[in-house]
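Asks: Here the protein sequences come in this chain order: P and A. Each step along the first sequence adds one to the number in the working numbering, with nothing skipped, and position 485 is 485. In short: position in the second sequence from 1, add 560, done, that's the working numbering.
Everything labelled a hint here was simulated from the structure, so no lab data went into it. On a predicted model such as this, the values are computed, not experimentally measured, just so you know. Ideal placement from N, C-alpha and C gives every residue a C-beta, glycine not left out. Any given hint might turn out to be false.
In silico DSSO-like cross-links for lysine-lysine, where the CA-CA straight-line distance does not exceed 30 Å [what the hints assert, rightly or not]: (1) A/K654 to P/K309; (2) P/K141 to A/K563; (3) A/K563 to A/K654; (4) A/K574 to P/K132; (5) P/K309 to A/K652; (6) P/K401 to P/K65; (7) A/K563 to P/K322; (8) P/K231 to P/K399; (9) A/K617 to P/K186; (10) P/K309 to A/K624; (11) A/K574 to P/K186; (12) A/K628 to P/K14; (13) A/K628 to P/K186.
Derived DEER-like restraints, expressed as beta-carbon distance ranges [claimed, not checked]: (14) A/R587 to P/Q455: 36 to 44 Å; (15) A/E616 to P/P122: 19 to 27 Å; (16) P/F480 to A/T604: 52 to 60 Å; (17) A/T639 to P/K167: 26 to 34 Å.
Negatives, chain P to chain A, calculated, CB over 12 Å [what the hints assert, rightly or not]: (18) D38; (19) Q330; (20) D528.
Here are the chains, one letter per residue:
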Amino acid sequence: MQLNGAQILLHCLKEQQVDTVFGYPGGAVLPIYDALYDSDIRHILTRHEQGAAHAADGYARATGKVGVCIATSGPGATNLVTGIATAYMDSIPMVCFTGQVGTALIGKDAFQEADITGITLPITKHNYLVEKTEDLYRTIKEAFYIARTNRPGPVVVDLPKDVMERKIEFEPCPQEVNIRGYRVLKGYNSGQVIAAVDLINNAQKPVIYAGGGVIISNAAAELRELSELRKMPVTTTLMGIGSFPSNSYLSLGMLGMHGTRYANYSIGEADLIIAVGARFDDRVTGRIDSFAPHARIIHIDIDAAEIGKNVDIDVPIVGNVKEVLSAINQRLSQVEETSEWHEMIGRWKDEFSLRYGTSSDGRIMPQHIIEKISDITRGEAIITTEVGQNQMWAAQYYKFKHPRTFLTSGGLGTMGYGLPAAIGAKLARPDLPVIDIAGDGSIQMNIQEIGTAVQYKLPVIVCILNNQFLGMVRQWQGLFYGGRYSYTDVSQQPDFVKLAEAYGAVGMRVTDTQEVDNALNEALQVTDRPVIMDFWVDREADVYPMVPPGGSLLNMLGGE
Amino acid sequence: MNKKHTLAVTVENKPGVLTRVTTLFRRRGYNIESLSVGETENPTISRMTIVVAGDEKIIEQVTKQLYKLVDVIKIVDLTEERSVERELILIKVKADNNVRAEIVQIVDIFRARIVDIGRNSLIIEATGDAGKIDAIEDSLKPFGILELVRTGKVAMIRGGRP
Ligand SMILES: Cc1cc2nc3c(=O)[nH]c(=O)nc-3n(C[C@H](O)[C@H](O)[C@H](O)COP(=O)(O)OP(=O)(O)OC[C@H]3O[C@@H](n4cnc5c(N)ncnc54)[C@H](O)[C@@H]3O)c2cc1C
Ligand SMILES: Cc1ncc(C[n+]2csc(CCOP(=O)(O)OP(=O)(O)O)c2C)c(N)n1
C-alpha cells in the first residue's frame, strides 16, 4: 500500500484507538490536515494551540486514555509549551505532534523553524524528531507506549513537512514495541509488601496519604478496600481528590497548605503514613523536617526516583499502586471497630470543620457557590478549575465521589487550564455536567476557547468567582506583604455576560446569594452551548485554613 | 559525605542523547566534574563516563533520574568496583635549553611522552589515573604552563564481569 507520511500518521492514530484530536493548522502541517480531511477521526479546532494542549490533557484526565494534539511548526509548537509542561508536572499521558520545516531546511533558521525537541527536552517524558518516513510507524507506536506506561507523561513527536509528504510502500505490521532503555515495570518486591503489612498490623494511628497515582492506576476500589479493612483514615493530595469518596467517615479531605486542619493534625500525630502514588510535594509537607514526626512511612510509587527524593522512607515499594494494594489487602484481616484514634480525629473534625464567615461587602461568599454546585450536581459532575483561590475552594467545598472528576493543574499551577480542559472533558464524557470553576484573572488567559465550545455545541459551564482581584496573590500580599496590593487589582475587566453573548454563548450575572441556586439550575438546563456565569463574590475573601509557606503543618492560620 | 563517583553510563548512540543527559544534570542541580563520551564496540551504543560529586542520596537520585531517560540503557557506579581509570592530558610547557633536561627527567619519571618540540616549548602527553595526572601537572607548573587540556576520565571494571 502506497501511503504518505500523513496517511501513516492517521493509520497509527486509528491503531492507537484515538477518536479525538485537538489542533490548529499551519503551513508545516498542511499534509496532515489534508489527510484529516478524509478521516473519521474527530478533529477539534481550538482557538489557540495552548487550548489544544490543555483540551487534550483534559480529555486524557477524564478518560485515562492518551490525549492527542497537533500544532504547526514554530509559533504553533511553542504555543503548546505551557500545555506540555502542565501535563508533565501532573504525569498526564499525551502525545503532541508538531509540524517542522523540511529536513533540508532544519538548522538553517528557516521560516517558522523552532527547535521544539530542544525546547521541550526538560518538560517531556521523551521526544522525537522523525527524520525518515520509514521511521514514522515505529516512532509513533513508541510515543504512545511511553506516554501511557509506567509513570505517564507527555511525548512530543516533531514531524518535518517532507517526511509527511513522502510516499512509501507501507505494510502495517503489528510488531511489539521494544526499547532497550525502557521497560514497563511489572511486579513488586513481596518482601516489602510483607514488611508493609506488618507495619499496618501494628499501627495505632495510621493515615493513608493518597495521591494522583491512585487515579492514574485506576485503583480507587483497592484504596477503599485498604482503608475499610483496617478502618484507616484517608487524606488525599490535590491530585488525589476523587480517589476516595469525600462523604466517607474515613475521609479527612485534602492535606497540605490549604488542606483541612484535621488532615494535617492527623499527619502530625500519626504513627504510620501509607503514601500511595503521591510525591511529597512541598505544598503537602510544609516544613519537611516537621512532617509526620512520629510516623514510620510506607511509600508506594511506580517511579523509583520519587522514593526518598524528599522524605526518608521506612518501607519503599516500587510498583503499580493497583497491584501493590491488592497484594497488601489480601494479607490484611478485617478489623471491626474503630479506636481511640478515630475519637481523636472525630474531635478535630467537630472542632475544625471547614467553615467560612459572612461577606464583608455584602457580595456572595465564593465557598457558598461551590457548596451549591456540589449539592445540585450531587457530587457527580466533572469539575475543572483555573488556578488560585477558585481552585482551592473547589478542592475544599465540592464533595467529590469519583476518580477522574476533578481536573486541575496541580504541579505547574497553570492559569488558563480550566476552560480548555473542560472542553476536552466534555467531549470525553458528554453524559456528565462539566463545570469550570474560574477566577476572573485566569479565565482571561484562555477565554478565546469559549468560541471552540460554541462551535462544537458543548454545554460546559464556566463559573467565574469574580472578585476583581488576582485573588490568591492578593491574599499573600495581604498576609505577608503588609497589605500592599501591588498590581493585583484587575477590576478593569470586560463585561463577561456581553462577552459570552458576543461569542454565541449564554451569559449570566449573579450578584445575590439568593439567586445562586436558580441560576445554577438554569445553566445546567442549557444543552447546546456553553454558559459563562459571572458570580460577584466577596472581594477580599481568603482561603483558609492555610499553612504559611515553609511552615509546619501544625501551625495553620484561620479556619478555627 | 560528599565523594566523587564515577558512573559508566551506556546510552543509545543517537543525536541529542548527550544533551538529554547534560540537561538533566543542569535542571536537577547536579554538578558534572568530568564527562567523556565515545562509541563502544557496538556502534549503536555509546558509553559516557561521568564523574559526579555528592553524598549517597544525591548519587542515588542521579542514577534513578538518569535511568528515566529512555535513551539510557545501563548505569554502573564504578566507584566501589575494582576498576581501571584513565585520563589523558596534553601540557604545553615553557622549555628553553636551560630546563629541557630537567623536564625530560620528569617526563621519564611519570612515563609520559614528549609529542612535540618547539623552539621554546614542549608538548607532553601523559595518561594515568587522576592522581598521576594531577602530580605531573604540579611538577611541570614551575616551568610555566602555556596550555593544558585534559580529556576527563574513562573507566572500566577489571576482570570478567561487564
Ligand atoms: C495554588 C495551589 C495550591 C496548592 N495547594 C495544595 C495543597 O494544599 N495540598 C495539596 O495536596 N496540593 C496542593 N497543590 C498541588 C501541589 O502543587 C501538587 O501538585 C500535588 O500536591 C501533587 O500531588 P501528588 O503528590 O498526588 O502527586 P502527582 O503529581 O499526582 O504525582 C503522582 C505520583 O504517583 C506516581 N504514580 C503515577 N502512576 C502510578 C502508578 N500506576 N502506580 C504507582 N504510582 C504511580 C507518580 O510517579 C507520582 O509520584 C496546590 C497547587 C496549587 C497550584
Ligand atoms: C500562567 C500563570 N501566571 C501567573 C500565575 C501566578 N498566580 C497564581 S494564582 C494567581 C491569581 C489568580 O487570580 P484569579 O484567576 O482571579 O483567581 P482567584 O485567586 O481570584 O480565585 C496568579 C496570578 C499562575 N499560577 N499562572
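Asks: Indicate, hint by hint, whether the structure satisfies it.
Replies: Results for each hint:
no., hint, result
1, A/K654 to P/K309, "violated, 50 Å"
2, P/K141 to A/K563, "violated, 42 Å"
3, A/K563 to A/K654, "violated, 35 Å"
4, A/K574 to P/K132, "holds, 14 Å"
5, P/K309 to A/K652, "violated, 45 Å"
6, P/K401 to P/K65, "holds, 21 Å"
7, A/K563 to P/K322, "violated, 39 Å"
8, P/K231 to P/K399, "holds, 21 Å"
9, A/K617 to P/K186, "holds, 25 Å"
10, P/K309 to A/K624, "holds, 10 Å"
11, A/K574 to P/K186, "holds, 28 Å"
12, A/K628 to P/K14, "holds, 28 Å"
13, A/K628 to P/K186, "holds, 16 Å"
14, A/R587 to P/Q455: 36 to 44 Å, "holds, 39 Å"
15, A/E616 to P/P122: 19 to 27 Å, "holds, 25 Å"
16, P/F480 to A/T604: 52 to 60 Å, "holds, 55 Å"
17, A/T639 to P/K167: 26 to 34 Å, "violated, 53 Å"
18, D38, "holds, 33 Å"
19, Q330, "holds, 29 Å"
20, D528, "holds, 44 Å"
Comparing the model with each numbered hint stated earlier shows that hints 1, 2, 3, 5, 7 and 17 do not hold.
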